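> Sequence:
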Amino acid sequence: MVVATQKHINGEFIIGLQRGESDSGTENEEDIVETSSGEDNDFIGQKGEIGEALFKQCLQKSGLTSGSINSIIKSWRGSQGRHACSLSSFFEYWQQQGKTTEQLEQTEEPYLITVNYILMKLDSKHTDASIILSRTSLSVLFELMEKKRQNQKQNN
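Per full-length UniProt numbering, numbering of the sequence shown is gapless, rising by one per residue and ending at 156.
Note that these hints are calculated values from the structure, not bench results. Each statement offered as a hint is correct.
Calculated pairs, DSSO-like style, for lysine-lysine (alpha carbon to alpha carbon, straight line, at most 27 Å):
| no. | residue 1 | residue 2 |
| --- | --- | --- |
| 1 | 99 | 121 |
| 2 | 99 | 147 |
| 3 | 74 | 61 |
Ranges between beta-carbon positions, derived for each pair:
| no. | residue 1 | residue 2 | range |
| --- | --- | --- | --- |
| 4 | 105 | 135 | 18 to 28 Å |
| 5 | 154 | 132 | 27 to 37 Å |
| 6 | 143 | 98 | 24 to 34 Å |
| 7 | 126 | 155 | 38 to 48 Å |
Treat the numbers as computed from the prediction; the structure is a model and nothing was measured. A virtual CB, placed ideally from N, CA and C, is assigned to each residue, including glycine.
All chains, please: the whole structure from these sequences, using the hints.
Structure, rendered in structure tokens:
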């Protein structure tokens with residue numbers, strides 16, 4: 001299984017990927033996640049891995065199973081690399097704001113975060129396609145986190 005890891009290096013928060021064991025203590029095919037095709041790896045490299053790790057980490061913290069998260073990532077197909085890169089760029093912005101992934105996971109106002117990020121991209125003269133992709137990637141992340149929270153509230 002690919003596991004998101006967190007480190008503080010020289011006061012900077014870093015997310016990374018690491019192979020590890022599943023909750024049962026063994027690694028199986030269901031737990032293995034292909035980050036992207038070889039073609040996408042050439043395009044996204046390390047940047048996409050950080051975005052994918054952020055996506056997984058936030059959804060795991062909100063209670064989704066590894067299988068569910070893997071199914072979502074597999075359904076992205078060719079666009080997975082673009083979503084991962086977009087989330088990586090967002091994470092860089094989030095760190096520049098002095099925020100942590102824990103704060104992102106606990107946010108009650110995802111739309112304000114999205115609007116502020118999009119406004120920053122507009123000010124930085126990003127393309128319309130880049131802005132739309134950023135909005136879509138963040139929306140998917142926040143919607144999945146919120147649905148899981150709602151389900152947990154209903155079960156309690």
